[in-house]
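Novice: Using the sequences and the hints, build the whole thing.
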Amino acid sequence: MSHMSLKLAGLGAIMLALSACASSDAGGPAPGSAEEFQVNVGDRVFFDFDQYNLIPSAQATLDRQAAWLAQYSNVTILVEGHCDERGTREYNLALGARRANAVKDYLVGAGVDGSRVQTISYGKDRPAELGSNEAAWAANRRGVSVITAGAGS
Amino acid sequence: MTAQNVGEYAMENGQEKQRLNIFWARGILVLGVVLAFLSGLAPHSAHALLRIDITQGNVDPMPIAVPDFSGVSESDKQIGADVARVIGANLERSGLFQPLDPRSFIQKDLDFTSTPRFGDWRLIQSQALITGQIVGDGQGRLRVEFRLWDIFAEQQVVGFAFETTPENWRRVAHLVSDAIYERLTGEKGYFDTRVVFIAESGGKGNRIKRLAIMDQDGANPSFLTDGSYLVLTPRFSPTTQKITYMSYFSGLPRVYLFDIESGQQEVLGDFPGMTFAPRFSPDGNGVVMSFERDGNSDIFTMNLRTREVKRLTQDSNIDTSPSYSPDGSQIVFNSDRGGSSQLYVMNADGSNIRRISRGKGRYSTPVWSPRGDLIAFTKQYQGRFFIGVMRPDGSGDRVLSEGYHAEGPSWSPNGRVLIFFKETPSIDETGRGYSTKLWSVDLTGYNERRMSTPGDASDPAWSPLIQ
Numbered sequence: 001m002s003h004m005s006l007k008l009a010g011l012g013a014i015m016l017a018l019s020a021c022a023s024s025d026a027g028g029p030a031p032g033s034a035e036e037f038q039v040n041v042g043d044r045v046f047f048d049f050d051q052y053n054l055i056p057s058a059q060a061t062l063d064r065q066a067a068w069l070a071q072y073s074n075v076t077i078l079v080e081g082h083c084d085e086r087g088t089r090e091y092n093l094a095l096g097a098r099r100a101n102a103v104k105d106y107l108v109g110a111g112v113d114g115s116r117v118q119t120i121s122y123g124k125d126r127p128a129e130l131g132s133n134e135a136a137w138a139a140n141r142r143g144v145s146v147i148t149a150g151a152g153s
Numbered sequence: 001m002t003a004q005n006v007g008e009y010a011m012e013n014g015q016e017k018q019r020l021n022i023f024w025a026r027g028i029l030v031l032g033v034v035l036a037f038l039s040g041l042a043p044h045s046a047h048a049l050l051r052i053d054i055t056q057g058n059v060d061p062m063p064i065a066v067p068d069f070s071g072v073s074e075s076d077k078q079i080g081a082d083v084a085r086v087i088g089a090n091l092e093r094s095g096l097f098q099p100l101d102p103r104s105f106i107q108k109d110l111d112f113t114s115t116p117r118f119g120d121w122r123l124i125q126s127q128a129l130i131t132g133q134i135v136g137d138g139q140g141r142l143r144v145e146f147r148l149w150d151i152f153a154e155q156q157v158v159g160f161a162f163e164t165t166p167e168n169w170r171r172v173a174h175l176v177s178d179a180i181y182e183r184l185t186g187e188k189g190y191f192d193t194r195v196v197f198i199a200e201s202g203g204k205g206n207r208i209k210r211l212a213i214m215d216q217d218g219a220n221p222s223f224l225t226d227g228s229y230l231v232l233t234p235r236f237s238p239t240t241q242k243i244t245y246m247s248y249f250s251g252l253p254r255v256y257l258f259d260i261e262s263g264q265q266e267v268l269g270d271f272p273g274m275t276f277a278p279r280f281s282p283d284g285n286g287v288v289m290s291f292e293r294d295g296n297s298d299i300f301t302m303n304l305r306t307r308e309v310k311r312l313t314q315d316s317n318i319d320t321s322p323s324y325s326p327d328g329s330q331i332v333f334n335s336d337r338g339g340s341s342q343l344y345v346m347n348a349d350g351s352n353i354r355r356i357s358r359g360k361g362r363y364s365t366p367v368w369s370p371r372g373d374l375i376a377f378t379k380q381y382q383g384r385f386f387i388g389v390m391r392p393d394g395s396g397d398r399v400l401s402e403g404y405h406a407e408g409p410s411w412s413p414n415g416r417v418l419i420f421f422k423e424t425p426s427i428d429e430t431g432r433g434y435s436t437k438l439w440s441v442d443l444t445g446y447n448e449r450r451m452s453t454p455g456d457a458s459d460p461a462w463s464p465l466i467q
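If you read the protein sequences in the order shown, they are chains A and B.
Residue 1 is where the first sequence starts when you use our numbering, and the numbers rise one by one after that.
Residue 1 is where the second sequence starts when you use our numbering, and the numbers rise one by one after that.
Hints in this document: simulated from the structure, not taken from any laboratory.
The C-beta atom is built at its ideal place from N, Cα and C for all residues, glycine as well.
Among the hints, erroneous ones may be present.
For lysine to any residue, the following SDA-like pairs were computed, each having C-alpha atoms within a straight-line distance of at most 25 angstroms [as the list claims (entries may be wrong)]:
hint	chain 1	residue 1	chain 2	residue 2
1	B	K360	A	Q51
2	B	K437	B	L465
3	B	K108	B	Q139
4	B	K437	A	N133
5	B	K310	A	N133
6	B	K188	B	S325
7	B	K360	B	Q382
8	B	K360	A	R86
9	B	K360	A	D50
10	B	K188	B	L465
11	B	K108	B	S70
12	B	K437	A	Q51
13	B	K437	A	E134
14	B	K77	B	P102
Heads up, incomplete: computed chain A residues facing chain B, CB under 7 angstroms, no partners named [as the list claims (entries may be wrong)]:
hint	residue
15	T88
16	E90
17	Y91
18	L93
19	A94
20	A97
21	R98
22	N101
23	L130
24	G131
25	T148
Specialist: Next comes the structure, spelled out in structure tokens:
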């Protein structure tokens, strides 16, 4: 019995050490990391059904992305354009391209060099949410900025 | 009894001549020979009694008997049973025929070289009878002979023989099915064809998609890509054993060409942006597709010989899913230039663009019928998806199928049947309950049924009649 509890205590100590490693001293993601970009800046924006214009909340997210990209000028990104499942495949490939490009245009307008921003469309073929309901569809109508190089770890 | 002279063979009634049919498929020669009529019972070909009217949608399928084809050796008998089974299944699936239960057959001593006892077949309400035999030469060649009989007129309607190798028996069964279908409906058959599609596996969130091909009855499925990269929207060449499709092979979404026989694939063109939604021109010498640049998608053609590219649309809206008319003079496509996705027709040089869809909802994926008389499409309206057809001028818009999600019709080569895919919705947040399957429906809206596929499937496209 006493042997067992000793072992458990040891395991607890290891877990504490691991979680300490994963966080910066400030307790959040490391500055300049992809994790920081996802968690603190916000890596995605959302669109209305069959639309590619940037709604105010999307613009606010992209303003933060532009500021972060200005701070970490070695970072390059790939903007993925995605759609919900309520459309046909080829049309959604075109619509996803529209959305990815709307994100890119906004970032470039906010001062990010266009050469740092690539785009790709996945249409409806890479859903983030797997349900078949309004909430899932809204979450899937998205532009996601994925860091391809230059971020800290 | 049979004639095998190369060239033309005159039927015994002297009214009709039919050329020897020679088919090449995947390196195998199939000889088709017209069989003479037995005992002078030639039909009055201008007044063939046995006939199916396929224009109205068939409510009463024709009862037909398809007994096992006879054979002397055990292996020939087995092939004879298999051939009859495949023919019966083809005819049944068309919705136009009702193959009768073999247990009801009264005449058990069918002899291929003599006339059947018509009374025995009338008794079980059969209107047509197919008899056949398999003659193996013991040296790797096989002769499949069949006759189609009109039970009420008590005469042979047609007879053919095909020569091939034993492993090709299934193809011969499709050729026999096509001959019967053609004779009884007056239209070309579509059984000796294949379907290219996207085979899907894995969860909804991490789908593995592979380019796949199978016979139209679901037999002989095989994968053409390994699933390590995303592939979408394959289409058959109307003239060669080639497929055009879209692939993320290099990480970039591009249109590719795949040679089924060699397994070779190549990217089409050197475009800076995404290329997608490819379809062959009717002569097989070109591909029409969309090219996206800076977010805007327009329609281009590429000549496959010279690789010359021509831009057809210039506007700032989404233009995609182009499809040629069978004479090559026009292209139908979908565009959101009017505010939502609708169907437009233009001349093949990009001039004279006019909207044809006028109904409520969003229209997309237009596909011109190989007969030229209709355009099939996907429609979205009030949260439902529909497969429908309209005339090229937009009139006669009607729905053939509907569901939570139905998409992407493709025509059988005779323009009578459409294949498409249907998805079921997820029932929870893990994607459980989601599936995608291939379906077919007759042009009349009757006879909707699921096609057999190995697992989930989407984006089907029908081959032309195999050359």
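Novice: Are the hints correct? Go through all of them and say.
Specialist: Hints, one by one, checked against the model:
no.: 1; hint: B:K360 / A:Q51; result: holds (19 angstroms)
no.: 2; hint: B:K437 / B:L465; result: holds (23 angstroms)
no.: 3; hint: B:K108 / B:Q139; result: violated (30 angstroms)
no.: 4; hint: B:K437 / A:N133; result: holds (20 angstroms)
no.: 5; hint: B:K310 / A:N133; result: violated (41 angstroms)
no.: 6; hint: B:K188 / B:S325; result: holds (19 angstroms)
no.: 7; hint: B:K360 / B:Q382; result: holds (9 angstroms)
no.: 8; hint: B:K360 / A:R86; result: holds (16 angstroms)
no.: 9; hint: B:K360 / A:D50; result: holds (16 angstroms)
no.: 10; hint: B:K188 / B:L465; result: holds (9 angstroms)
no.: 11; hint: B:K108 / B:S70; result: holds (11 angstroms)
no.: 12; hint: B:K437 / A:Q51; result: violated (28 angstroms)
no.: 13; hint: B:K437 / A:E134; result: holds (23 angstroms)
no.: 14; hint: B:K77 / B:P102; result: holds (16 angstroms)
no.: 15; hint: T88; result: holds (4 angstroms)
no.: 16; hint: E90; result: holds (4 angstroms)
no.: 17; hint: Y91; result: holds (5 angstroms)
no.: 18; hint: L93; result: holds (5 angstroms)
no.: 19; hint: A94; result: holds (4 angstroms)
no.: 20; hint: A97; result: holds (5 angstroms)
no.: 21; hint: R98; result: holds (5 angstroms)
no.: 22; hint: N101; result: holds (3 angstroms)
no.: 23; hint: L130; result: holds (3 angstroms)
no.: 24; hint: G131; result: holds (5 angstroms)
no.: 25; hint: T148; result: violated (11 angstroms)
Checked against the numbered hints given earlier, the structure breaks hints 3, 5, 12 and 25 and satisfies all the rest.
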